[in-house]
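> Read off the chains here:
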Amino acid sequence: MSGSAVALAAACGGTAAPSPTSTAAATGTAAPKTKAALQAIVDKAKSAEGGQITLTWANYYGAPMAKDFLALFKSTYGFDAQVTNTPTNMSVDAPAIIQGFKAGRPSSTDVFMCTDLLAYQLERDGPDVGEKVDWSYSETISANPKVVEHGFAVHILDTPRGITYNSDRLKGADIPKSLAHVLELSTKYAVATTPQASLFETLAVSDIWGEKRTVDYVTALSKNLKGLIQGNELPRISSGEFDILAIDFGRNVAQIFADRGQPLGWSFPTDAPVLSAIYNVIPKNATHPNMARLWVDLITSKAGQEVLWKNELVDSPRLPGSKTSEDVKKLESQGFKVYATSLDFAAKNQDAYARLRPILQQIVAKK
Amino acid sequence: MATRAEVARGPLTIAGSGLRVDLLAVAAGIPIVLILIILGAVAKLAFQERVFDDTFTVDHFVALATDPAAGLALRNTALFALLTTFWAMAFGLPIAWLVERADLGKKAAVSTAMSIGVLIPGFIYAMGWILFAHPRSGLLTKLFQGIGIETPPFDLLTIPAMAWVDGMSFAPIVFILTAASLRMMDASLEDSAQMCGAGLLQRLRLVTLPLLLPSLAGAAIYVFTIALASFDVPLVIGVSNRIYVFSTYLYTQVQRFEGVPAYEIAAAFAFFMIAFGVVLAWVYGRVLARSREFQVVTGKAYRSRLTALGQWRPVAWAFLGGYLLLSIGLPLIVLLWTSFLPFPQLPSVRAFSLLTTSNYAELNWPLIGRAVRTTVLLMILAPLVALTAAIAVSWFVLRTRSRLRFAFDFMAFLPQVVPRIVFAFGALMLTIGVWVRPPIDVYGTVGLLVVVMALVQLPFATRLVNASLIQIHNELEEAARTAGAPTLTVLRRVTLPLIRPSLVYGWVWLSLLSYRELTIPTMLRAGDTVTLSAVIYDNYLTGLIGPLAALVVLMLLVLVPLIGIYWRVGGSRRPTV
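Those protein sequence lines, which keep their order, are chains A and B.
Take the first sequence: its position 199, counted from the start at 1, is 1621 in my numbering, and no numbers get skipped.
Take the second sequence: its position 345, counted from the start at 1, is 346 in my numbering, and no numbers get skipped.
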């Protein structure tokens, strides 16, 4: 197993998953060689790559956060990064990256941002696509090796998955606290879930809920469901078309829309508190591999993690100073157990995912 | 020794090589071969375990055939496509007739308004209707509830209602597909009927409609196939109420939030569509086989004249105004309103207090700049390639006696019935060189986008050119041949000038469809080849509806005046014979 103690790997077969905070990595001090290695990469990024980096990151990582990252990049490495970002759905981008690598072509992105499952599929379908980088140049990653899984995937953040609701319509005791509460509320409010029944399969394959409880819950919820929307379609919650989305695509998505003035609230379900992992992978065929290394170093750095938190309320509990980690500690102090997905978890539960996903999808699709 | 006419009709001999080739047949063959190669890639994918695991399997076919949800989606799709086609024809055809054959007036303005319909993304139509008529939150619902009626009589969350919304958005396509033929129709036939005492409706039923049959069949089949694969409205309105048609069923099967899309399932599904496409192509072929009955432009006296509407004029304007209000006005109002709001909502005191220009200020201009460059190139080049290929294919199909002609017509129609996502993915795999390294490196270039886009536009282009060629009697071309003109000269000097209005029409509309096309640019983009539609779609996918609306508003501000100029200057010209 890789260095990820945060992984749900142990949950394979129904055992309990470790909480992120209990395994949060310790800080370390930079070795002298780190600075020399970093400087060598900075020099190459400036001279050979002209400070250019090509990304295909979704719109979320577009405007305000991009400005923060660009400013941070300059202050950290001493030169401007020239970012060409073409927002692309990461699911669609993955096969193109694999195909491109197999055909010996440059990657569409210098740093691929992906979920745990996509990182697994990248490893399964395109072995060797992900560069197993010598991370010794990065002070943060060197000191916190648990952020690197399988040698190529760097954990940059966990996003808490939960319940997004219309804060104009749901107030007081009606604010959803758990998925069981959502079930109760479904007779009174218009509840939606995603067409993919996203994350329910994770509840089913792990010891969080297990298969029977998950299928029973989804079946009961489906009876009162008012519809299916994608996790990004939160304006349909704000507009009153639906009142609640469970399970959503994460607190960060709700936060982005709330920041735009939309009447949205978010709850971390106490009966199914799950963090979904997001990774950075540098494809071996990246056009700007040195800039990619700096980009990953930047995001995992303390300042980079603060930018993530400031803009989207996400960061990596595997790194010191994580705010997500503090949230988790609070929940755990109240007796709740928080789970986190990982590359190992995705790899070990592939077959169960493949079997359960269509079952759950069919249940939510049926009126 | 061959006669002069026979030489002119025969194939060319390449000097010094002894090789005899028919250039038009070759030109027609190139797109057909490309389509076959891409479909071959799709076929291979359908029988693979996964995209990256080429273990042979038929599991995807079995899964589709045995899934009860797929059966239900199939029934929904059939009803949805039929009703959508009905509404598109019910609106598009009368408007085309009013514009081209009646003395309605304001032709440029009406044509421009119809063009705007093509420029508005389907998501906006769907969102507009949700804001207007959603049974829980719509404006109409609130109005009914205000007068004590809890449940409004119109339920948006049904198949017929979805078909109504989609049908209205497809009416402009029927408009363009039938307008050219209507424009070229010889008025003397209608005059004769009038002289025999036939009234307006009788003339329409007994003369105009039968003459238009090939065009109508082409338009109906074309819209029907678009409706079969229609995605925007079924996704936004249908899925949200758990009503699935095949496209959305496939979407939920294929698209996985966390993982790689299962394109192999979509490829298997394409086989069912191709089988259905065979039937449609056969029906259309039967119509084409009777095409000579519909040749209305001959070497003899030909004229095109307008029908006086008389007392029907107010009715015509009411019909047109009602359509434009619901199909263009409503989405435009929603678009403009949404572009100044942080999220879509009904007008209220609070909504007015939230009005903002931030959606415009936050637009990602460097990305939009790149997208505009690619989109403009695509709008110019893809229709050019598609129409050039269509002329060659249609000529081969309608003007030769080759045994391959029906096969060519069928193959040219196939991209229409194959899900675009699969067609685009097949092209991606081929050009990226997974199986065989392509001789030319086109991956990630605008050239690749242009060619693939032109191939999927070929069905539209060939239907358009077919409909025009059918109406031109062979005697004109035969006269030129008898005078010794070779095939290319006949095409250049006789046929193309006669069908020029249709070609210009086709170019403008394919250009607009290039602007609107979503799937292919999304799949084939790499770096600088991002298009505006892809940017708009990304905004939709990430829920950034305000910036999406702002971008569409700005695009309309640029494009609508250009289209208006086209209809005023170029669109009003009559074909010259």
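Hints may be right or wrong, so weigh each one.
Computed cross-link-like contacts, DSBU-like style, restricted to lysine-lysine with a CA-CA straight-line distance of at most 35 Å [stated by the list, open to error]:
1) A:1634 - A:1770
2) A:1788 - A:1554
3) A:1759 - A:1745
4) A:1568 - A:1593
5) A:1599 - A:1554
6) B:107 - A:1524
7) A:1457 - A:1599
8) A:1645 - B:107
9) A:1610 - B:143
10) A:1593 - B:45
11) A:1489 - A:1751
12) B:143 - A:1648
13) B:143 - A:1788
14) A:1732 - A:1648
15) B:45 - A:1706
16) A:1599 - B:45
17) A:1770 - A:1751
18) A:1788 - B:107
19) A:1770 - A:1789
20) A:1732 - A:1466
21) A:1648 - A:1634
22) A:1745 - A:1789
23) A:1568 - A:1788
24) A:1554 - A:1789
25) B:45 - A:1770
26) A:1789 - B:108
27) B:143 - A:1554
28) A:1599 - A:1770
Derived Cβ-Cβ restraints for the label pairs, each shown as a range [to be verified]:
29) B:275 - A:1635: 55 to 61 Å
30) B:283 - A:1780: 49 to 55 Å
31) A:1489 - B:334: 30 to 36 Å
32) B:60 - A:1706: 53 to 59 Å
33) A:1789 - B:55: 34 to 40 Å
FYI, nobody ran anything at the bench for these hints, they're computed from the structure.
Quick reminder that beta carbons are idealized off the backbone N, C-alpha and C, glycines included.
> That 34 to 40 Å hint for residue 1789 of chain A and residue 55 of chain B (C-beta), does it hold up?
Once the Cβ atoms are compared, 38 Å apart, the range 34 to 40 Å for residue 55 of chain B and residue 1789 of chain A holds.
> Decide if the proposed pair is consistent with the structure: residue 1732 of chain A and residue 1466 of chain A, CA atoms, cutoff 35 Å inclusive.
31 Å, holds
> Given the hinted pair residue 45 of chain B and residue 1706 of chain A, is their alpha-carbon gap at most 35 Å?
Roughly 28 Å between the alpha carbons, so the hint for residue 45 of chain B and residue 1706 of chain A holds.
> Given the hint that residue 1568 of chain A pairs with residue 1593 of chain A, test it: the Cα-Cα distance must not exceed 35 Å.
40 Å, violated
> Is it true that the CA of residue 1770 of chain A sits at most 35 Å from the CA of residue 1751 of chain A?
27 Å, holds
> That 30 to 36 Å hint for residue 1489 of chain A and residue 334 of chain B (C-beta), does it hold up?
Roughly 34 Å apart at Cβ, these two residues keep to the hinted range, so it holds.
> Can you confirm whether the C-alpha distance between residue 1732 of chain A and residue 1648 of chain A stays at or below 35 Å?
34 Å, holds
> What's the verdict on residue 1593 of chain A and residue 45 of chain B, does the C-alpha distance respect the 35 Å limit or exceed it?
Distance ~54 Å between residue 1593 of chain A and residue 45 of chain B Cα, so the pair is violated.
> Below or equal to 35 Å on CA atoms is what counts here, so check residue 1770 of chain A against residue 1789 of chain A.
33 Å, holds
> Can the restraint linking residue 143 of chain B and residue 1788 of chain A be considered satisfied, given a maximum Cα separation of 35 Å?
29 Å, holds
> Below or equal to 35 Å on CA atoms is what counts here, so check residue 1610 of chain A against residue 143 of chain B.
Status holds; Cα separation ~19 Å.
> Check whether the Cα positions of residue 1789 of chain A and residue 108 of chain B lie no farther apart than 35 Å.
47 Å, violated
In summary, the numbered hints that this structure violates are 2, 4, 5, 6, 7, 8, 10, 16, 18, 22, 23, 24, 26, 27, 29, 30, 32.
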